[in-house]
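Chemist: Protein sequence lines correspond, in order, to chains A and B.
1 is the number of the first residue of the first sequence in the UniProt record's numbering; add one for each residue after it.
1 is the number of the first residue of the second sequence in the UniProt record's numbering; add one for each residue after it.
The hints are simulated quantities; they were obtained by calculation from the structure and are not laboratory data.
Quick caveat, the model's predicted, so the values are computed rather than measured.
Treat the hints with care, since some could be wrong.
Copies of the same chain are indistinguishable here, so a pair counts whether it falls within one copy or spans any two.
What the hints assert, rightly or not - Derived pair list, reagent style SDA-like, types lysine to any residue, alpha-carbon separation capped at 20 Å:
#1 K414 / A27
#2 K485 / P350
#3 K330 / D384
#4 K485 / E37
#5 K414 / P145
#6 K485 / D384
#7 K210 / G57
Number of protein chains: 2
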Amino acid sequence: MSSIDISDYLADRGKLIIQDRALRVDAVKLDNLSPTEATAEEIVRAMRAEEAVSVWGAEHEDIEHPFPGMEFLTSRSVIMRTKVFNVLHKMPKGALLHAHLDATVDVKFLLDRILEQEALYVRTSTPLTTLSSTANVLPEFSPFPKSEVKLSDIQSLTDASYDGGWIPVKVARESFSPELGGPEGFDKWYIASTTINPAEAYGTHKTVEKIWEKFRDTFGVTRDVIRFSPIFRAYVREFLLSSIEDGISYVEARINFLFKTFFGPDGRNTLTHRDMLKIYGSVVQEVKDEMKSQRREDEFIGSRIIYTTIKIITPEELEWYTEDCLALKKEFPDLIAGFDLVGPEDTTKPIIDYLVPLLRFKDRQKELGLEIPFIFHAGETLGDGTAADDNLYDAVLLGTKRIGHGFSMIKHPKLMEICRERKIALEVCPISNEILRYTTSIPMHPIASVLNHGIPVCLCSDDPSAFGNLGLSFDFYQVLVSSEKTGLITLGEIALDSLKYSTLEAGEKERAIALWQKRWTEFLERIVRTGGDL
Amino acid sequence: MSSIDISDYLADRGKLIIQDRALRVDAVKLDNLSPTEATAEEIVRAMRAEEAVSVWGAEHEDIEHPFPGMEFLTSRSVIMRTKVFNVLHKMPKGALLHAHLDATVDVKFLLDRILEQEALYVRTSTPLTTLSSTANVLPEFSPFPKSEVKLSDIQSLTDASYDGGWIPVKVARESFSPELGGPEGFDKWYIASTTINPAEAYGTHKTVEKIWEKFRDTFGVTRDVIRFSPIFRAYVREFLLSSIEDGISYVEARINFLFKTFFGPDGRNTLTHRDMLKIYGSVVQEVKDEMKSQRREDEFIGSRIIYTTIKIITPEELEWYTEDCLALKKEFPDLIAGFDLVGPEDTTKPIIDYLVPLLRFKDRQKELGLEIPFIFHAGETLGDGTAADDNLYDAVLLGTKRIGHGFSMIKHPKLMEICRERKIALEVCPISNEILRYTTSIPMHPIASVLNHGIPVCLCSDDPSAFGNLGLSFDFYQVLVSSEKTGLITLGEIALDSLKYSTLEAGEKERAIALWQKRWTEFLERIVRTGGDL
Numbered sequence: 001m002s003s004i005d006i007s008d009y010l011a012d013r014g015k016l017i018i019q020d021r022a023l024r025v026d027a028v029k030l031d032n033l034s035p036t037e038a039t040a041e042e043i044v045r046a047m048r049a050e051e052a053v054s055v056w057g058a059e060h061e062d063i064e065h066p067f068p069g070m071e072f073l074t075s076r077s078v079i080m081r082t083k084v085f086n087v088l089h090k091m092p093k094g095a096l097l098h099a100h101l102d103a104t105v106d107v108k109f110l111l112d113r114i115l116e117q118e119a120l121y122v123r124t125s126t127p128l129t130t131l132s133s134t135a136n137v138l139p140e141f142s143p144f145p146k147s148e149v150k151l152s153d154i155q156s157l158t159d160a161s162y163d164g165g166w167i168p169v170k171v172a173r174e175s176f177s178p179e180l181g182g183p184e185g186f187d188k189w190y191i192a193s194t195t196i197n198p199a200e201a202y203g204t205h206k207t208v209e210k211i212w213e214k215f216r217d218t219f220g221v222t223r224d225v226i227r228f229s230p231i232f233r234a235y236v237r238e239f240l241l242s243s244i245e246d247g248i249s250y251v252e253a254r255i256n257f258l259f260k261t262f263f264g265p266d267g268r269n270t271l272t273h274r275d276m277l278k279i280y281g282s283v284v285q286e287v288k289d290e291m292k293s294q295r296r297e298d299e300f301i302g303s304r305i306i307y308t309t310i311k312i313i314t315p316e317e318l319e320w321y322t323e324d325c326l327a328l329k330k331e332f333p334d335l336i337a338g339f340d341l342v343g344p345e346d347t348t349k350p351i352i353d354y355l356v357p358l359l360r361f362k363d364r365q366k367e368l369g370l371e372i373p374f375i376f377h378a379g380e381t382l383g384d385g386t387a388a389d390d391n392l393y394d395a396v397l398l399g400t401k402r403i404g405h406g407f408s409m410i411k412h413p414k415l416m417e418i419c420r421e422r423k424i425a426l427e428v429c430p431i432s433n434e435i436l437r438y439t440t441s442i443p444m445h446p447i448a449s450v451l452n453h454g455i456p457v458c459l460c461s462d463d464p465s466a467f468g469n470l471g472l473s474f475d476f477y478q479v480l481v482s483s484e485k486t487g488l489i490t491l492g493e494i495a496l497d498s499l500k501y502s503t504l505e506a507g508e509k510e511r512a513i514a515l516w517q518k519r520w521t522e523f524l525e526r527i528v529r530t531g532g533d534l
Numbered sequence: 001m002s003s004i005d006i007s008d009y010l011a012d013r014g015k016l017i018i019q020d021r022a023l024r025v026d027a028v029k030l031d032n033l034s035p036t037e038a039t040a041e042e043i044v045r046a047m048r049a050e051e052a053v054s055v056w057g058a059e060h061e062d063i064e065h066p067f068p069g070m071e072f073l074t075s076r077s078v079i080m081r082t083k084v085f086n087v088l089h090k091m092p093k094g095a096l097l098h099a100h101l102d103a104t105v106d107v108k109f110l111l112d113r114i115l116e117q118e119a120l121y122v123r124t125s126t127p128l129t130t131l132s133s134t135a136n137v138l139p140e141f142s143p144f145p146k147s148e149v150k151l152s153d154i155q156s157l158t159d160a161s162y163d164g165g166w167i168p169v170k171v172a173r174e175s176f177s178p179e180l181g182g183p184e185g186f187d188k189w190y191i192a193s194t195t196i197n198p199a200e201a202y203g204t205h206k207t208v209e210k211i212w213e214k215f216r217d218t219f220g221v222t223r224d225v226i227r228f229s230p231i232f233r234a235y236v237r238e239f240l241l242s243s244i245e246d247g248i249s250y251v252e253a254r255i256n257f258l259f260k261t262f263f264g265p266d267g268r269n270t271l272t273h274r275d276m277l278k279i280y281g282s283v284v285q286e287v288k289d290e291m292k293s294q295r296r297e298d299e300f301i302g303s304r305i306i307y308t309t310i311k312i313i314t315p316e317e318l319e320w321y322t323e324d325c326l327a328l329k330k331e332f333p334d335l336i337a338g339f340d341l342v343g344p345e346d347t348t349k350p351i352i353d354y355l356v357p358l359l360r361f362k363d364r365q366k367e368l369g370l371e372i373p374f375i376f377h378a379g380e381t382l383g384d385g386t387a388a389d390d391n392l393y394d395a396v397l398l399g400t401k402r403i404g405h406g407f408s409m410i411k412h413p414k415l416m417e418i419c420r421e422r423k424i425a426l427e428v429c430p431i432s433n434e435i436l437r438y439t440t441s442i443p444m445h446p447i448a449s450v451l452n453h454g455i456p457v458c459l460c461s462d463d464p465s466a467f468g469n470l471g472l473s474f475d476f477y478q479v480l481v482s483s484e485k486t487g488l489i490t491l492g493e494i495a496l497d498s499l500k501y502s503t504l505e506a507g508e509k510e511r512a513i514a515l516w517q518k519r520w521t522e523f524l525e526r527i528v529r530t531g532g533d534l
């Protein structure tokens with residue numbers, strides 16, 4: 001029998017693998033690792049491999065079939081106990097570039113703020129008399145001037161004769177019937193109405209269409225609460241502070257400006273978008289000052305706003321919003337980062353329906369010497385050749401700076417090429433996509449394909465208050481444990497890219513990157529020093 | 001306000017979409033449709049659009065959230081009632097290139113054959129005394145010479161004192177306790193043990209790892225039944241005839257040759273692979289003759305075998321199989337189409353473990369002047385950079401003619417380029433991948449991406465007896481209804497490619513394609529003539 005020389009084969013194989021991975025964000029870096037980088041990478045790889053067995057290969061109460069990257073709502077508590085998560089929680093993440101402001105803060109924090117506000121009232125369409133009715137009836141909140149509110153005669157939502165009128169929130173909570181859990185029952189009901197639970201995402205509502213109904217409801221519940229300026233102020237502050245605690249140093253928040261006015265401290269619906277931007281700007285400054293006073297100014301660069309409205313409006317109505325956005329950009333050039341049209345793409349109007357006002361918006365920017373990049377949601381769909389999938393064409397043709405989601409991008413060879421050439425980054429939201437049922441787990445998510453094809457990526461949380469993925473650690477975790485290619489160094493490159501693909505001005509960006517780089521090096525050194533036991 | 005000219009934009013958009021779709025298998029064809037082709041395409045598109053609402057948008061008993069391309073085991077009965085399915089059932093499909101022979105025939109047909117055979121015996125590890133035990137205990141079948149079988153003292157599997165000995169199958173069925181459903185209870189138990197049901201795939205076994213356990217069990221149950229030559233003969237015949245009835249005109253079947261001997265009519269385990277190939281060849285000829293006698297010879301070109309063994313063997317053991325395959329190829333050059341290594345890739349040995357014997361196999365082919373292309377399973381995994389995912393590198397480097405599954409191919413930009421250049425087709429098995437939980441529905445399946453990137457594809461059924469997707473109509477259906485890009489014309493191009501990428505010799509292939517083309521044209525004409533009401 002002839003002896004077989006496999007050395008040529010193995011050399012060819014090595015070359016092929018390098019070629020196949022050449023487009024990845026980590027390709028160059030992995031070829032040039034410092035000893036610290038290489039060691040930190042190995043420590044986290046070993047930790048992941050160990051936990052793939054000890055955590056994801058073990059039996060858990062309430063989890064039928066655990067595996068890395070599995071359904072987030074079922075596995076969140078397990079993730080939080082892992083050493084890998086602990087490392088990632090401490091990782092400097094760079095920028096958070098895709099989050100809808102009104103779904104970014106822990107629901108308990110918001111509930112506490114609601115309960116503090118005397119001008120806030122609550123009502124329901126029918127009395128809550130059984131536990132099942134609490135599951136089906138949503139609270140409606142609104143601020144009112146004390147003199148103008150139409151109070152309910154019955155000051156309890158759980159009284160069978162409750163008439164649907166307004167009740168001060170605190171009173172409604174205190175009078176919540178003991179059979180329904182009393183005040184704690186009220187809290188539970190509120191939290192369930194503003195979050196998605198595993199029974200919904202993985203059972204009763206397990207299609208994209210169904211889970212979006214629940215998801216939309218969560219926004220409906222808190223809508224007029226977050227638009228209430230005292231809460232808005234506290235909410236933005238908490239969003240920024242909690243982001244900083246998760247290692248995020250810069251945020252571009254999408255704010256929903258569909259409603260033309262917001263509620264002032266007096267409970268009147270009279271504040272303008274301009275008033276809200278002033279508040280936003282003052283909170284950002286306040287947080288910066290606080291960080292400075294703690295000698296932590298390197299941990300927070302600032303925050304900007306992506307102006308959004310919802311694709312339920314008519315093309316004619318869009319013009320009011322683009323003019324509004326122009327006026328805001330003129331007055332707050334540092335705060336307005338871009339413009340986007342949002343909503344569930346499979347059921348709202350496609351971008352092309354708004355072509356004329358969007359092109360006009362571009363003309364108007366030129367006229368006024370302003371620059372407001374589009375940062376469009378596009379391709380958040382399972383469709384292939386549907387209007388939602390085709391939104392990717394219009395996002396790219398209209399010159400979008402980044403793409404929100406781009407879940408279906410992997411289906412578009414030419415657009416992928418364009419994204420690579422023009423450095424159009426996808427704002428990938430793995431956990432959001434999974435909970436909203438575009439994918440069933442992260443190993444099935446296109447993120448691995450997208451990274452392998454070298455499409456620029458930033459990882460984002462989307463709507464963490466509804467999903468429970470606050471900060472960026474959870475999304476980084478899910479991506480890391482679902483691939484053998486992606487390691488800590490890859491996540492570092494992704495974090496770095498989040499700053500690169502931000503709308504920060506050149507000088508600011510350079511500073512942000514330098515600060516991140518410094519923290520990143522310290523982070524790696526700390527991993528090496530502690531063997532990953534941070 | 002300036003007026004906006006959108007004509008340039010729309011022209012650019014049209015161009016971009018054409019560029020983006022240029023790699024698709026239907027790109028050239030869709031630009032050059034005959035009136036008949038165009039009309040047939042439109043009829044099926046309209047039918048699909050109508051049924052997306054009337055069927056998939058309607059309420060169904062037992063289906064919680066219907067949608068096109070949903071879980072097959074839940075929706076099979078709905079699919080079968082659609083007009084689109086009726087059309088596809090009548091479509092000439094070309095070749096079936098990926099099916100494991102011992103999972104290709106309707107389970108009821110096999111049960112009937114089993115019950116006819118007096119040399120077949122059954123046993124279980126414990127008595128079946130409750131319905132739940134029938135769900136957990138599998139039947140074990142084996143042929144025996146009458147004089148050598150060790151019969152059970154108790155001739156009933158459902159008797160509490162049953163001792164685990166062999167019982168003639170017919171007797172075991174007749175004596176099946178009335179509390180467990182009597183003889184029909186036996187049938188149900190048998191069928192449940194050889195098929196995957198929705199409660200398993202979508203409930204109790206809903207991960208790749210778990211469902212593979214059940215899937216493997218189904219093979220275990222029928223293993224020694226199908227290796228029994230009288231049944232083997234009937235099984236192959238039924239497989240070919242039922243394939244023809246579904247519009248398949250040529251088959252390359254993977255046969256599991258792990259066991260070195262098969263059972264003869266006398267019940268002795270003494271037949272060789274050579275004996276089985278003789279049977280296979282004679283059945284193919286028999287079916288050809290029958291088709292000819294019915295003047296339907298155009299509907300069946302023939303069938304060949306892909307020699308397979310399982311990646312549980314050692315690299316040293318492989319040598320026996322490659323030598324066996326060489327000897328068979330020498331004796332049956334027209335029957336042996338290729339060579340493959342099979343098994344669940346995430347848990348069996350990677351291809352590279354067999355590198356030395358596989359390279360030696362190639363050398364030996366040169367020595368003997370034989371050509372047996374590799375047609376490797378590779379990338380049937382959710383992994384990214386795992387050994388199973390890396391199988392794709394070795395399949396390509398070893399010169400595989402096609403790739404079985406290639407589920408993870410979309411993660412490999414360089415390999416995709418190579419597949420396009422070298423015309424390496426993926427044998428995509430959408431329903432198999434969904435039931436085995438690599439994907440949760442067809443809209444989530446990479447097939448749309450694979451088609452858009454212009455990687456050659458043939459659609460295959462894999463293991464239809466276990467999955468219920470007999471023929472190719474179901475797989476074609478799921479792919480058609482899950483995309484707005486893929487239409488009837490696309491399916492036609494895919495069917496045509498299945499013949500192109502087969503191992504048929506040049507002249508034979510030309511003839512097969514010409515025959516298919518003729519039937520395809522007639523099929524389209526019939527659609528146009530009947531408005532799709534075939």
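Chemist: Next step is simple, just say for each hint if it's right about the structure.
Modeler: Hints versus structure:
1. Taking the closest pair of Cα atoms, K414 and A27 come within 20 Å of each other only across two copies (14 Å); inside a single copy the shortest separation is 22 Å, beyond that limit.
2. In this assembly of identical chains, K485 and P350 lie within 20 Å of each other by CA distance solely across copies; the values are 17 Å between and 35 Å within a copy.
3. Taking the shortest alpha-carbon separations for K330 and D384, neither the intra-copy value of 39 Å nor the inter-copy value of 47 Å comes in at or below 20 Å.
4. In this assembly of identical chains, K485 and E37 lie within 20 Å of each other by CA distance solely inside one copy; the values are 16 Å within and 45 Å between copies.
5. With identical chains, the CA atoms of K414 and P145 are never at most 20 Å apart, being 56 Å at best within one copy and 65 Å at best between copies.
6. In this assembly of identical chains, the alpha carbons of K485 and D384 lie at most 20 Å apart only when taken from different copies (6 Å versus 27 Å within one copy).
7. In this assembly of identical chains, the alpha carbons of K210 and G57 lie at most 20 Å apart only when taken from different copies (12 Å versus 31 Å within one copy).
Hint compliance for this structure: hints 3 and 5 are not met, and every other hint is.
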